[in-house]
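Kindly generate the complete structure, drawing on both the sequences and the hints.
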Amino acid sequence: MHIRLIPGISLLTLSLLSGTSLGAETAKEEPYSLGEVVVTSERLKEYITNHPLDVTTVERGEIVSRNLGSVEEILKTMPGVEVYSSAGVGSRISIRGSGRSGSVMVLLNGRPLNSNQYGSQDLSAIPVDSIQSVSVFKPPVPVWLGPGGSDGAINIITRTPKQGGGKEKQRSSLKGGGGSYGLVEGSVSHQLPVSDSTVLLAATGNHRDGKRTNSDRNDGAFNLNWNRQGDEGRRYEFNGRYYQAEFGSPGPVDNETPHARQEYRKGSLDARYSGLLGQSGTVSATAYGDMIYLKDTDQSGSRYTLNDNKAGLKLDTTWSDESENWDLRLGGMTEWNGYDHTLSGEHERFRNGLSVQYDRRFGPLTTTFGLRGDLTNDFGANPGGTIGLGWGIADKTLLKLRAGYTVNIPLFGQLYQTSHGSIDQTRGNPDLKKERVWSYEIGLEHTFAKDRLLQLTLFRSDTVDLISSRRGSDMIYRPVNIRGAERQGGEIMATYAWDNGPTLEASLTIQDSAVKSTGKKLPYTPGLKMKYTLSYTLPRLATRLETTVRYEGSRYSQAENKSYQRMDDAVLVDLKATQPFKIGKIATEIYLRVDNLFDTAYETHLGHPDDGIRAAAGIQMRF
1 MHIRLIPGIS LLTLSLLSGT SLGAETAKEE PYSLGEVVVT SERLKEYITN
51 HPLDVTTVER GEIVSRNLGS VEEILKTMPG VEVYSSAGVG SRISIRGSGR
101 SGSVMVLLNG RPLNSNQYGS QDLSAIPVDS IQSVSVFKPP VPVWLGPGGS
151 DGAINIITRT PKQGGGKEKQ RSSLKGGGGS YGLVEGSVSH QLPVSDSTVL
201 LAATGNHRDG KRTNSDRNDG AFNLNWNRQG DEGRRYEFNG RYYQAEFGSP
251 GPVDNETPHA RQEYRKGSLD ARYSGLLGQS GTVSATAYGD MIYLKDTDQS
301 GSRYTLNDNK AGLKLDTTWS DESENWDLRL GGMTEWNGYD HTLSGEHERF
351 RNGLSVQYDR RFGPLTTTFG LRGDLTNDFG ANPGGTIGLG WGIADKTLLK
401 LRAGYTVNIP LFGQLYQTSH GSIDQTRGNP DLKKERVWSY EIGLEHTFAK
451 DRLLQLTLFR SDTVDLISSR RGSDMIYRPV NIRGAERQGG EIMATYAWDN
501 GPTLEASLTI QDSAVKSTGK KLPYTPGLKM KYTLSYTLPR LATRLETTVR
551 YEGSRYSQAE NKSYQRMDDA VLVDLKATQP FKIGKIATEI YLRVDNLFDT
601 AYETHLGHPD DGIRAAAGIQ MRF
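Everything in the sequence shown is counted per full-length UniProt numbering, starting at 1 for the first residue and increasing by one.
Worth flagging that the hints you see were computed from the coordinates, not collected in a lab. Check each hint, because a few of them may be wrong.
Each computed BS3-like pair below joins lysine-lysine, with the alpha-carbon atoms no more than 30 angstroms apart [unchecked claim]:
| no. | residue 1 | residue 2 |
| --- | --- | --- |
| 1 | K211 | K295 |
| 2 | K400 | K76 |
| 3 | K434 | K562 |
| 4 | K400 | K450 |
| 5 | K562 | K211 |
| 6 | K433 | K562 |
| 7 | K516 | K434 |
| 8 | K516 | K562 |
| 9 | K520 | K433 |
| 10 | K400 | K516 |
| 11 | K582 | K211 |
| 12 | K396 | K76 |
| 13 | K433 | K516 |
| 14 | K585 | K396 |
| 15 | K433 | K295 |
| 16 | K295 | K434 |
| 17 | K520 | K434 |
| 18 | K450 | K396 |
| 19 | K582 | K295 |
Label-pair restraints from in silico Cβ distances [stated by the list, open to error]:
| no. | residue 1 | residue 2 | range |
| --- | --- | --- | --- |
| 20 | N429 | G527 | 21 to 31 angstroms |
| 21 | R460 | E560 | 16 to 26 angstroms |
| 22 | A449 | G527 | 29 to 39 angstroms |
| 23 | N429 | L174 | 42 to 52 angstroms |
| 24 | G233 | G519 | 49 to 59 angstroms |
| 25 | R540 | E560 | 52 to 62 angstroms |
| 26 | T397 | I476 | 47 to 57 angstroms |
| 27 | D254 | L192 | 15 to 25 angstroms |
Think of the CB as a built atom: it goes at the ideal place given N, C-alpha and C, for glycine as much as any other residue.
As structure tokens, then:
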């Protein structure tokens, strides 16, 4: 097994951190308190710290210091989270070892962002220069985030620069780089004051040839964010985004499509208001819309088109008592989705939902109870709920218990035709049933000191009518329901920062899964996953060195678990170095990253091999 290589690889990567001492050191104790529960998005950090949720957040400062270039790269730094890129639009996301990306809820400033992409998430449309933070919620997720999310949720918060620039000296950035297989990447952003408001502009562009025939790709994104701070805590925001990509769809190695191409365009508009509500409440309202166009050219040259349009409104209100003993959050949303594909015709979905969550504190105990209900014209009523307890059983030690119930209704892409993968490879299934998921978690978290944390979690989920995929005799994948499925296991997460030395972030997931009727393993659900990231900044040069080692156990691509559907285990090693310096008054840094250092034979999806070892280098300036 490749797992035997990990000790040797660990020693090798440690040697990169020359001049450091990994011996035990005594850290300065930091005060620790459960504190208060605050549920507004602007104070999400306090809410995460003091609530029985399982949440990881990467803030703007870390995004800049680690030179993280995309949402996918940000997610890859988080313990227990994996991102698998595809040749087409979107990426498959795994949270806590799950193989079902389609049940991961994605939000932008709290509004739903999920596309109809058959389990892949469209994250490339958000330039990283416009991002303030990215948070990952592990299941069961709170009801106020929205419907679904049985396998976790991701909330992306955009930047809201201070009006007039405030103390922000760096208002512009410019980045350019290149690398293996014809990679060219670039981005630019600029912040400017406009009257009594601030505008942030950001754009990205990328090109790569790819290793396989017909795996080339061109894409670009543009983002405009306007915000204005009004009187008495009022804030007004407007966000517009456009993303375009043109790429090949090579297909799996046993059914290659060297002439299949896709062209994808997406435009989005969001308008958001937030402010105070009475003496003890807050309110946030977001109106949003998406327009997606896809042109799919199959292997024979036939062309198919998809128009996928969405409009909605989401409202959240929060009340807290003066003594900060309780919080009440009420929310609602309404959404329309119109879908028109050459093969399946026109379809519409109307969704209306309400949610309520009550949090109560009794000294070291924090209890939470949430309910939501959603009604759609095609799948009827869909209830959901969560219950949780956070107990500070000792100084710096927190016990978390949570349970939840979620209903996932099939996406249009699953029912009719996906925009992920050529029409030569995937189709929909209009007979799909909705999933019903029960999830449970018990966790123990201990904070030894600042940046020294250990978390142990046991989890389980039971699913009725789980949506998976099956490949037919025509070599085309179609979604199907599995009557009953289960998954349970344990997760260990740890963070340890040596004083003036390296920082280690590690996660280990051990799990078992089964189709209840056959006892076979669930697709893309390995029994063992491990990831650690070791980083160090050289004191004099300020050079940041970082290495990530990932292990993924063997797994099957389909629920039949046939021998040809088995994917071998693999160890992957990524390296990154960033060197900051100044050109005059311009803060500058050069970066070098190497992915899959040892050229491991690895498949992100059965029949879709990784490109192998590849490198990229570039420069970024902020002024």
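Hints, one by one, checked against the model:
Proposed proximity of K211 and K295 is supported: the alpha carbons are some 24 angstroms apart, at most 30 angstroms. With a C-alpha separation of about 25 angstroms, the suggested pairing of K400 with K76 holds against the 30 angstroms cut-off. For the given pair, K434 sits about 26 angstroms from K562 by alpha-carbon distance, which is consistent with the 30 angstroms threshold. For the given pair, K400 sits about 20 angstroms from K450 by alpha-carbon distance, which is consistent with the 30 angstroms threshold.
Straight-line distance between C-alpha atoms of K562 and K211 comes to about 28 angstroms, which keeps the hinted pair within the 30 angstroms bound. A distance of roughly 25 angstroms separates the Cα atoms of K433 and K562; the hinted pair therefore holds under the 30 angstroms criterion. Simply put, K516 and K434 have alpha-carbon atoms about 18 angstroms apart, close enough for the 30 angstroms limit, and the pair holds. For a cut-off of 30 angstroms, the pair hint linking K516 to K562 stands: about 17 angstroms separates their Cα positions.
At roughly 21 angstroms between alpha-carbon atoms, K520 and K433 fall within 30 angstroms of each other, so this suggested pair holds. Under the criterion of a C-alpha separation no larger than 30 angstroms, the hint pairing K400 with K516 is consistent with the structure, at around 28 angstroms. Using a Cα cut-off of 30 angstroms, the hinted pair K582 and K211 is violated, with the two alpha carbons roughly 36 angstroms apart. Simply put, K396 and K76 have alpha-carbon atoms about 28 angstroms apart, close enough for the 30 angstroms limit, and the pair holds.
Using a Cα cut-off of 30 angstroms, the hinted pair K433 and K516 holds, with the two alpha carbons roughly 17 angstroms apart. Among the hinted pairs, K585 with K396 is inconsistent with the structure: their alpha-carbon atoms are about 43 angstroms apart, more than 30 angstroms. At roughly 28 angstroms between alpha-carbon atoms, K433 and K295 fall within 30 angstroms of each other, so this suggested pair holds. Taking the CA atoms of K295 and K434, the gap is near 28 angstroms; set against the 30 angstroms cutoff, the hint holds.
Among the hinted pairs, K520 with K434 is consistent with the structure: their alpha-carbon atoms are about 22 angstroms apart, no more than 30 angstroms. For the hint linking K450 to K396, the alpha-carbon distance of about 11 angstroms falls within 30 angstroms, and the restraint holds. At most 30 angstroms may separate the alpha-carbon atoms for a hinted pair to count; K582 and K295 exceed this at roughly 45 angstroms. In this structure the hint that N429 and G527 lie 21 to 31 angstroms apart at CB holds, the actual value being about 29 angstroms.
For R460 and E560, the Cβ-Cβ distance of about 24 angstroms falls inside the hinted range of 16 to 26 angstroms, so the restraint holds. Between A449 and G527 the C-beta distance comes to about 33 angstroms, which sits within the given range of 29 to 39 angstroms. At about 46 angstroms, the beta-carbon gap between N429 and L174 stays in the expected band of 42 to 52 angstroms. A hinted range of 49 to 59 angstroms for the beta carbons of G233 and G519 is consistent with their spacing of about 56 angstroms.
At roughly 58 angstroms, the beta carbons of R540 and E560 sit within the given window of 52 to 62 angstroms. At roughly 52 angstroms, the beta carbons of T397 and I476 sit within the given window of 47 to 57 angstroms. Under the hint 15 to 25 angstroms, the C-beta atoms of D254 and L192, about 53 angstroms apart, miss the expected range.
This entry does not satisfy hints 11, 14, 19, 27, going by the numbered hints stated previously.
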